[in-house]
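S.K.: Okay, here's what each chain looks like letter by letter:
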Amino acid sequence: MSARTTNARKAVSLSEGTKYAVLIFFALIILVPIYLAVIGGFKSIGQLNSDPVGFPKPFLAENYSNIFFKSGFFKYFLNSAIIMSVTVAIDVIVAALAGFALSRFTIKTKNLVYQYFLLGLLFPMTLAILPLYIQLRALGLLDTFIGVILPQTAFLLPFHILIFKGFIKEIPDELEDAVKIDGCGKMGFFMHVVVPLSRPAIATVSVLAMVASWNNFFLPLIVLNDKDKFTLPMGSMDFVGQYLADWNIILAFFVVSMVPAIAFYLYAQRHIVSGLAAGAVKG
Amino acid sequence: MDVTTLAVTAKKGSSDHKAKATNRERALFYALLLPAFLLVTMFIIYPVVNTVFYSFYDWNGFGPLKNFVGLKNLRTLLRDPLFWNALRNNGIVIGFSIFVQLPIAFLLAILVSKSSSRPTIFFRTVFFLPYILSEIITGVIWRFIYHPQFGLLQQVFAKLAPDYSYTGFLADPKTVFIAILFVVFWKYFGFHMILYVAGLQGIPPEYYEAALIDGANPVQAFVYVTLPFMKNAIQMSLFFCIIGSLQVFDIIWSMGQGGPVHAAETAVVYLYKFGIKSSKMGFGSMVAIVIFVICLAFNVLYQRVINKEER
Numbered sequence: 596m597s598a599r600t601t602n603a604r605k606a607v608s609l610s611e612g613t614k615y616a617v618l619i620f621f622a623l624i625i626l627v628p629i630y631l632a633v634i635g636g637f638k639s640i641g642q643l644n645s646d647p648v649g650f651p652k653p654f655l656a657e658n659y660s661n662i663f664f665k666s667g668f669f670k671y672f673l674n675s676a677i678i679m680s681v682t683v684a685i686d687v688i689v690a691a692l693a694g695f696a697l698s699r700f701t702i703k704t705k706n707l708v709y710q711y712f713l714l715g716l717l718f719p720m721t722l723a724i725l726p727l728y729i730q731l732r733a734l735g736l737l738d739t740f741i742g743v744i745l746p747q748t749a750f751l752l753p754f755h756i757l758i759f760k761g762f763i764k765e766i767p768d769e770l771e772d773a774v775k776i777d778g779c780g781k782m783g784f785f786m787h788v789v790v791p792l793s794r795p796a797i798a799t800v801s802v803l804a805m806v807a808s809w810n811n812f813f814l815p816l817i818v819l820n821d822k823d824k825f826t827l828p829m830g831s832m833d834f835v836g837q838y839l840a841d842w843n844i845i846l847a848f849f850v851v852s853m854v855p856a857i858a859f860y861l862y863a864q865r866h867i868v869s870g871l872a873a874g875a876v877k878g
Numbered sequence: 167m168d169v170t171t172l173a174v175t176a177k178k179g180s181s182d183h184k185a186k187a188t189n190r191e192r193a194l195f196y197a198l199l200l201p202a203f204l205l206v207t208m209f210i211i212y213p214v215v216n217t218v219f220y221s222f223y224d225w226n227g228f229g230p231l232k233n234f235v236g237l238k239n240l241r242t243l244l245r246d247p248l249f250w251n252a253l254r255n256n257g258i259v260i261g262f263s264i265f266v267q268l269p270i271a272f273l274l275a276i277l278v279s280k281s282s283s284r285p286t287i288f289f290r291t292v293f294f295l296p297y298i299l300s301e302i303i304t305g306v307i308w309r310f311i312y313h314p315q316f317g318l319l320q321q322v323f324a325k326l327a328p329d330y331s332y333t334g335f336l337a338d339p340k341t342v343f344i345a346i347l348f349v350v351f352w353k354y355f356g357f358h359m360i361l362y363v364a365g366l367q368g369i370p371p372e373y374y375e376a377a378l379i380d381g382a383n384p385v386q387a388f389v390y391v392t393l394p395f396m397k398n399a400i401q402m403s404l405f406f407c408i409i410g411s412l413q414v415f416d417i418i419w420s421m422g423q424g425g426p427v428h429a430a431e432t433a434v435v436y437l438y439k440f441g442i443k444s445s446k447m448g449f450g451s452m453v454a455i456v457i458f459v460i461c462l463a464f465n466v467l468y469q470r471v472i473n474k475e476e477r
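Those protein sequence lines, which keep their order, are chains G and C.
When we follow this note's numbering, the leftmost residue of the first sequence carries the number 596, and every step to the right adds one.
When we follow this note's numbering, the leftmost residue of the second sequence carries the number 167, and every step to the right adds one.
Treat the hints with caution; some may be incorrect.
To be verified - Below, in silico cross-link-like pairs of lysine-lysine (PhoX-like), each with a Cα-Cα straight-line distance of 25 Å or less:
1) G:K670 / G:K652
2) C:K238 / G:K824
3) G:K764 / C:K446
4) G:K652 / C:K280
5) G:K781 / G:K705
6) C:K439 / C:K238
7) G:K703 / G:K781
8) C:K280 / G:K614
9) G:K764 / G:K775
10) C:K397 / C:K232
11) C:K238 / G:K822
12) C:K446 / C:K238
13) G:K703 / G:K614
14) C:K446 / C:K280
15) C:K439 / G:K824
16) G:K822 / C:K340
17) C:K439 / C:K340
To be verified - Using C-beta positions, here's what the derived DEER-type ranges look like:
18) C:I276 / G:D833: 55 to 65 Å
19) G:L714 / C:Q386: 36 to 46 Å
20) C:V471 / G:F650: 24 to 34 Å
21) G:I640 / C:P394: 39 to 49 Å
22) G:K822 / C:P247: 55 to 65 Å
23) G:H787 / C:I276: 54 to 64 Å
24) G:I624 / C:A324: 14 to 24 Å
25) C:K340 / G:T613: 52 to 62 Å
26) C:Y374 / G:T613: 26 to 36 Å
Unchecked claim - So the derived list for chain C, only partly shown, Cβ under 8 Å to chain G, looks like this:
27) I210
28) N216
29) V292
30) F323
31) L326
32) V385
33) F388
34) V389
35) D416
Quick caveat, the hints were computed from the structure, so don't treat them as lab data.
For glycine and all other residues, C-beta sits at the position ideal for the given N, C-alpha and C.
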């Protein structure tokens with residue numbers, strides 16, 4: 596009996612051990628390349644050549660500080676930030692309104708409209724890029740921020756409407772009835788109950804939209820031509836072209852440009868699971 | 167957090183008790199949907215419909231659409247070995263994702279879904295991290311790791327196999343695509359893992375207790391309790407996996423533009439090189455349509471499979 600319990604305990608601790616071994620293994624696969632890029636940015640090109648893995652010696656912080664003063668980094672950063680803020684604002688508002696309409700109204704055409712939006716999920720932006728280019732040209736939106744913002748928001752909407760719809764549907768009807776008794780209409784219910792209760796969904800959708808906009812490369816590549824309007828990913832590719840041999844400088848530039856995305860993520864990451872759980876996975 | 171639990175535990179009232187919509191309510195309904203409808207129609211549906219038209223023309227994107235060529239673009243495309251090469255590469259990405267990436271993501275999800283202790287949250291956060299990095303940044307970091315002079319792999323080979331002269335996996339047509347697949351895994355498995363974690367957390371623990379009382383072993387509990395509850399999450403994950411694999415572009419572009427010698431070209435790289443870059447709008451549109459039809463076929467197929475299993 597006692598032997599049995601020790602065996603069982605051993606099995607449990609062994610599986611705990613294996614579990615952490617597996618987790619640490621995968622965490623290292625993710626973190627080592629990022630770590631090497633970060634310290635690579637502090638090295639001289641000579642050291643990068645002889646010892647890419649060791650600690651920087653000498654420690655060249657000016658690789659990083661130079662990025663800010665040369666290279667157009669600030670300009671690209673600002674352009675990306677403007678495009679991202681407007682995209683997130685439009686996306687969250689439009690998707691929340693649509694998700695509300697699709698989950699709290701009993702209208703015959705509701706399902707049809709929803710299917711229409713879901714159709715949008717089937718068309719990745721990369722495939723619609725040619726006619727999109729031609730249409731933006733016809734609308735005079737080429738080489739403008741709006742020309743990036745509106746299409747990228749449109750392509751984010753179907754998935755984000757789905758998240759909001761799933762989330763808002765779960766709000767108990769009793770709450771809606773209670774608000775009705777207090778003399779509030781549908782919009783009162785939306786403003787006073789749905790919006791405050793949907794904060795995890797709003798957080799999830801915002802982070803997804805921020806990341807998508809911040810990282811978008813294909814659409815700005817095709818819409819923006821003027822170097823002063825380049826976004827950070829475009830500027831980065833341009834930078835790699837210019838400094839092809841100086842990998843330490845390239846690494847410094849890329850490390851600095853990934854900081855904002857990591858910051859949003861760490862700020863909002865605890866909402867991501869609950870938001871996706873309620874929205875996407877329960878559908 | 168409380169909201170989710172509140173929403174889940176609260177009994178759903180029947181939707182029948184809502185009265186038939188008044189005209190005012192109907193107007194509000196359409197007003198709420200209007201902005202989303204306009205954006206989706208103008209920037210997704212309308213361009214996609216236009217793609218169909220363009221694909222029947224020989225057109226450089228300027229001037230009127232007049233040189234109708236019927237299905238000539240399709241014939242040219244289907245005869246181009248480079249296109250088949252690109253599609254094969256997409257097929258490899260899909261196969262790799264379904265049979266390697268998703269199972270590993272599922273396993274890791276099981277390991278990090280149960281508790282919300284600090285280490286668990288740490289691992290979850292780390293695994294999702296690459297997903298939020300741009301494909302361009304990811305590509306360049308890995309170009310560095312694979313670099314024949316400055317990279318980690320060069321060091322590893324120098325230590326472990328001094329006889330082997332490492333010339334860079336990305337420079338060799340034989341290894342370039344495998345090297346890219348690894349990066350695809352690195353970047354995306356965390357996203358799928360989070361979908362699975364979300365699904366696993368939605369399974370009420372009572373079900374497991376009931377299964378254990380009924381004498382189910384862990385495997386049976388997995389098959390009869392976990393899997394049915396995970397249907398939505400798996401469906402979602404497969405959907406994104408297939409669509410994403412078929413449209414992979416940025417990551418390949420930033421790691422060497424599909425080269426060397428076309429070895430890492432995928433369908434969208436092909437579309438960009440031979441449609442957009444060479445100003446063949448009609449031909450490019452046909453490429454887009456073929457890729458879209460494949461996307462659609464895949465989705466219909468797997469929806470069928472999933473619905474069948476449900477019955």
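S.K.: Evaluate each hint against the coordinates.
M.R.: Consistency of the hints with the structure:
| no. | hint | verdict |
| --- | --- | --- |
| 1 | G:K670 / G:K652 | 31 Å, violated |
| 2 | C:K238 / G:K824 | 38 Å, violated |
| 3 | G:K764 / C:K446 | 46 Å, violated |
| 4 | G:K652 / C:K280 | 43 Å, violated |
| 5 | G:K781 / G:K705 | 16 Å, holds |
| 6 | C:K439 / C:K238 | 19 Å, holds |
| 7 | G:K703 / G:K781 | 18 Å, holds |
| 8 | C:K280 / G:K614 | 12 Å, holds |
| 9 | G:K764 / G:K775 | 17 Å, holds |
| 10 | C:K397 / C:K232 | 49 Å, violated |
| 11 | C:K238 / G:K822 | 38 Å, violated |
| 12 | C:K446 / C:K238 | 13 Å, holds |
| 13 | G:K703 / G:K614 | 51 Å, violated |
| 14 | C:K446 / C:K280 | 53 Å, violated |
| 15 | C:K439 / G:K824 | 24 Å, holds |
| 16 | G:K822 / C:K340 | 36 Å, violated |
| 17 | C:K439 / C:K340 | 21 Å, holds |
| 18 | C:I276 / G:D833: 55 to 65 Å | 43 Å, violated |
| 19 | G:L714 / C:Q386: 36 to 46 Å | 40 Å, holds |
| 20 | C:V471 / G:F650: 24 to 34 Å | 52 Å, violated |
| 21 | G:I640 / C:P394: 39 to 49 Å | 57 Å, violated |
| 22 | G:K822 / C:P247: 55 to 65 Å | 37 Å, violated |
| 23 | G:H787 / C:I276: 54 to 64 Å | 40 Å, violated |
| 24 | G:I624 / C:A324: 14 to 24 Å | 20 Å, holds |
| 25 | C:K340 / G:T613: 52 to 62 Å | 35 Å, violated |
| 26 | C:Y374 / G:T613: 26 to 36 Å | 21 Å, violated |
| 27 | I210 | 5 Å, holds |
| 28 | N216 | 4 Å, holds |
| 29 | V292 | 5 Å, holds |
| 30 | F323 | 12 Å, violated |
| 31 | L326 | 13 Å, violated |
| 32 | V385 | 15 Å, violated |
| 33 | F388 | 15 Å, violated |
| 34 | V389 | 20 Å, violated |
| 35 | D416 | 5 Å, holds |
Hints 1, 2, 3, 4, 10, 11, 13, 14, 16, 18, 20, 21, 22, 23, 25, 26, 30, 31, 32, 33 and 34, counting from the list given before, are not met by this structure.
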